[in-house]
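All chains, full assembly: derive it from the sequences and hints.
First to last, the sequence lines map onto chains A and B.
Anchor point for the first sequence: position 219 equals 218 in numbering that gives the first Met the number 0, and the numbering is continuous, going up by one each time.
Anchor point for the second sequence: position 610 equals 609 in numbering that gives the first Met the number 0, and the numbering is continuous, going up by one each time.
If you are wondering where the hints come from, they were derived from the structure by calculation, not from laboratory data.
Check before you lean on any hint, since a few could be wrong.
It does not matter which identical chain is meant; a pair holds if it fits inside one copy or across any two.
[Said to hold, decoys possible] With a cut-off of at most 27 Å between alpha-carbon atoms, the simulated DSS-like pairs for lysine-lysine come out as follows: (1) Lys248 - Lys25; (2) Lys254 - Lys585; (3) Lys585 - Lys25; (4) Lys504 - Lys93.
Protein chains: 2
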Amino acid sequence: MNDAERWRELGQQLRVDSIRAAAVTKSGHPTSSMSAADLMAVLLSKYLHYDFDAPDDPHNDHLIFSKGHASPLLYSMYRAAGAISVDELLTFRKFGSRLEGHPTPEIPWVDVATGSLGQGLPYGVGIALAGKRLDRLPYRVWVLCGDSEMAEGSMWEAFEHAAFYELDNLTAIIDVNRLGQRGVTMHGWDLDSYADRARAFGWHAIEIEGHDVEAIDQAYAEAASTTSQPTVVIARTIKGKGVKEVEDKEGWHGKALDDPDGAIEELGGVRNIIVEVAKPDEIGEPHRFEVSGSLELPTWEVGDDVATRRAYGDALVALGSARGDVVALDGEVSNSTFAEIFRDAHPDRYFEMYIAEQQLVAAAVGLQVRKWVPFGSSFAAFFSRAYDFIRMAAISRANIRLCGSHAGVSIGEDGPSQMALEDLAMMRAVHGSTVLYPCDANQTAKLVAEMADREGIIFMRTTRANTPVIYGSDEEFPIGGSGVLREGDDVTIVAAGITLHESLKAADELSGEGISARVIDLYSVKPADGETLRAAAEATGGRILTVEDHWPEGGIGDAVLEALSDGETPARVVRLAVRDMPGSGKPAELLAAAGIDAEHIAEAARSLVGATITTR
Amino acid sequence: MNDAERWRELGQQLRVDSIRAAAVTKSGHPTSSMSAADLMAVLLSKYLHYDFDAPDDPHNDHLIFSKGHASPLLYSMYRAAGAISVDELLTFRKFGSRLEGHPTPEIPWVDVATGSLGQGLPYGVGIALAGKRLDRLPYRVWVLCGDSEMAEGSMWEAFEHAAFYELDNLTAIIDVNRLGQRGVTMHGWDLDSYADRARAFGWHAIEIEGHDVEAIDQAYAEAASTTSQPTVVIARTIKGKGVKEVEDKEGWHGKALDDPDGAIEELGGVRNIIVEVAKPDEIGEPHRFEVSGSLELPTWEVGDDVATRRAYGDALVALGSARGDVVALDGEVSNSTFAEIFRDAHPDRYFEMYIAEQQLVAAAVGLQVRKWVPFGSSFAAFFSRAYDFIRMAAISRANIRLCGSHAGVSIGEDGPSQMALEDLAMMRAVHGSTVLYPCDANQTAKLVAEMADREGIIFMRTTRANTPVIYGSDEEFPIGGSGVLREGDDVTIVAAGITLHESLKAADELSGEGISARVIDLYSVKPADGETLRAAAEATGGRILTVEDHWPEGGIGDAVLEALSDGETPARVVRLAVRDMPGSGKPAELLAAAGIDAEHIAEAARSLVGATITTR
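Take a look at the structure:
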């Protein structure tokens, strides 16, 4: 058997195995897998350089299924590579199996979770950036894409960035089987449509018959030898290829075949080909950046006036000077988020992502696949643009750090489009996330340092305006802790960030009236310091005031309510938050209009203290 | 003075006025406004057909500033049109002024809020779709775009859809001033880069010098007479044009000029040109679709087994048969969301948006600008892709209805990428939103009908699996209400959707053990029925169990805590929710693993009843 015959046979095996897998729970996407089988057979047999016994080997190529629903095909490839057994293949989609409906990194050979379309290629851009600019190793990133998902704007962010950064180590393969979930895609089999777009975006594009294994072989060879630009192989394929009943038929997306045994027979039966996947050359080691090794965080004097967004920038550059694995990304606002300070000091480890927040977050996820420690920044409001990527990053068990600046109405005149008022809610609802909201520069710096090695998705919210430094530079701020800044027995005020300062002003005013307010700085919104909150509720007769520059739902108020929900601690919680849509204005005017400035906090505290609480 | 001279003079006036506006609060984006002044001068003088005295006239053109930060220019145009006075112009960015930092529909001539880049063109696609397919009127949609924002993937979703739908009534104008916020854009002044991309995406593209008013005139004439495809005018411009100190200089983005008086003098001084903006032809009326006029919602029998996602589809088509203003959009999953039923019955009022959720939501916002009543659907998880558009839709005071299906772990084998577990949190945190989560088909149908005329952003969460019909078809479900499905005094269980059924099973089991559980169906998650919740807490000794197929943060648990936070109602709230990252499995297996099935609910209820609560 020559190469081509072997590849065709392997392609048939991948089809057979995809059908077998889907038959287990009678669910999955076999027809979407069958169209790409030949594309993957050639890749696995000849082009992928991957050691399945050493998934963490930095020299490995990377394979991402952007069309994550073709997971039966991916798992069939693992079987063909000898990495999993047939028995395991046949646990597909079963409870407890690591072979889930869509791939996740619970499987050692999967870098990133996919399944939400239009994401795999942006992740691939991140890994390719790591390969070219950080690791400086020649591994290749292969991304199998569907044609339907080319409608996602995020794919075009990926196309733009890959060309701009000359990622010739990235190869996209589009499985153009013309049928989406519901029906025909916008372009059907018009390969030129895709190729024209790709070329306009600066890619090299090769159009082929996707079941012609020799054409596939030539295309991959050409892609692997094209320099200065990434390549996309646009392959005309047939959904459900190989089984007449479903070939190119609408209505078979996401359905197991009715007659798997008949289909397998039609495909020539079960095979047992094991492919010797080429291992990568072990030449070179991941590049290491020269650094001092000792972290010297910036410090400020109590009483200084500094914006926490500025402190983020100053702390990040210090972190970058101490640790060569720390990298930064920003979305065209680095002069506002102060990521520019890191950029200027460590240009080799900074990535300008322009106005493309989805690609920014995806690149961060890709970079951490290769063990780099990414800090991504933008306005907090604009991270909402990337929420599906943040959601999926949790499924990827990714470790990324995001800093969102310009939180709340306190940004002032720019108005609501630039104000983050839902970011705490958004980020609290991310699985395993950490949500931090510092109020001063020293606290910010310490928290930035803590973000570096913490697992999961860590979000820090920073403020545009200058705020006074109230903590000494020797203070520590454990995540999950809080600061009790004023002691008191009459009422508890819980705040963070800019409203923490307003709360202190209010407390000091109240103290003059004989009302002692305990002020808690909830800089760690998630995890929240339940112990301190419950003790405060106890000590202040259950009178709690929460204050946040954020909508009422999902933020500090909810975090406090959650901590007090155990029934041991009766409380009346009054939640001050932004309730009306803000407009433009000076920060002080907007804080007052939202009822979250010192005056309104004091007023609410007086009411609470004066009110009767049923439980006392 | 001939036309060209008049246009140049107007352009200068628009520059002068932009500088004057920004000088008021010493904030704003004058240089971003100055680059587009000539483009807008010609548009306002000759091409825009708009009656400023009748902003709701359906024949009006539409002008959107996708580069919303160029608001000084937009407001200067209003001044030049005689729509606002100079005095009002000089309230720019001041507290209480409707001339906010970025435009919002608080201003009658603004259709949609912009300021988050990459959004204006997608909104324009929505309005253009309305013009071509629904209103069937010849108004034109003009969208002024920045070059930086071309990096946003959503712009390419707009480009794709505009060409696919042959929106020759849409004209985009790209102000290529080569400087973003932080520095040079990816393409600088390489107009071909943008033109190549636009042409590849099926648009007609015209490249011009953006300060040559005669070239602008020719380009607009060509755009307005091009048929079958949209046109983009790509204009080479100079940021800060007209004032040497800032012309084409980095570092001036978002800054008021240091010496506004000197700049105004350099520009030739203040002018007082008032433009007679052409009014639209009053030919034709908005098309009206023939309908029955009387709503006949589908009904089911108690005991039937029906998925609420299916009921959505059945109810939507009924609504569409009764009301000709109801339109539907879906993102390539209409066979899963059941929007396909509407599509098949009312194809003229259905828009396939393919896999492009940002454009889907934006189109819905655009359609409602023209008073259509859009219902958009996709998997609930994928609406996270459009969260920035949803956030901005609230600032647009838009009335849109979104239905997200496939909520929670109960979708089964597809796994977490397809499961919405944060959608309740996400949507609760949207200003003025309504969040609905029906548990059965009759309830779904009634709620769909109520969504039609409710203001704001209304989100309905539906379930993949069949669930029993428990409500009669004559029941009513007021938004803000709840259903008390079991009476009881020992413990309250609050749930919705699929966990409501699990709660009923649990309650019936507990009742056999002598524990009477009150079961509340919180189908209206926001606004939540605080009164019923507080009464239940009172009646059941403060023992509350919430159960949701959702992460713990931001959903039903938080909604209940919020309702009980007034301190009048001591409660111990135990929140059952999904806490570990789910995998694949049968729905029943996944519900059990997440601890939110009947068995675990009963167990938690027993614990609660057995536990001592401090307040009793």
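For this session: Hints the structure violates: just list their numbers, smallest first.
Result: none
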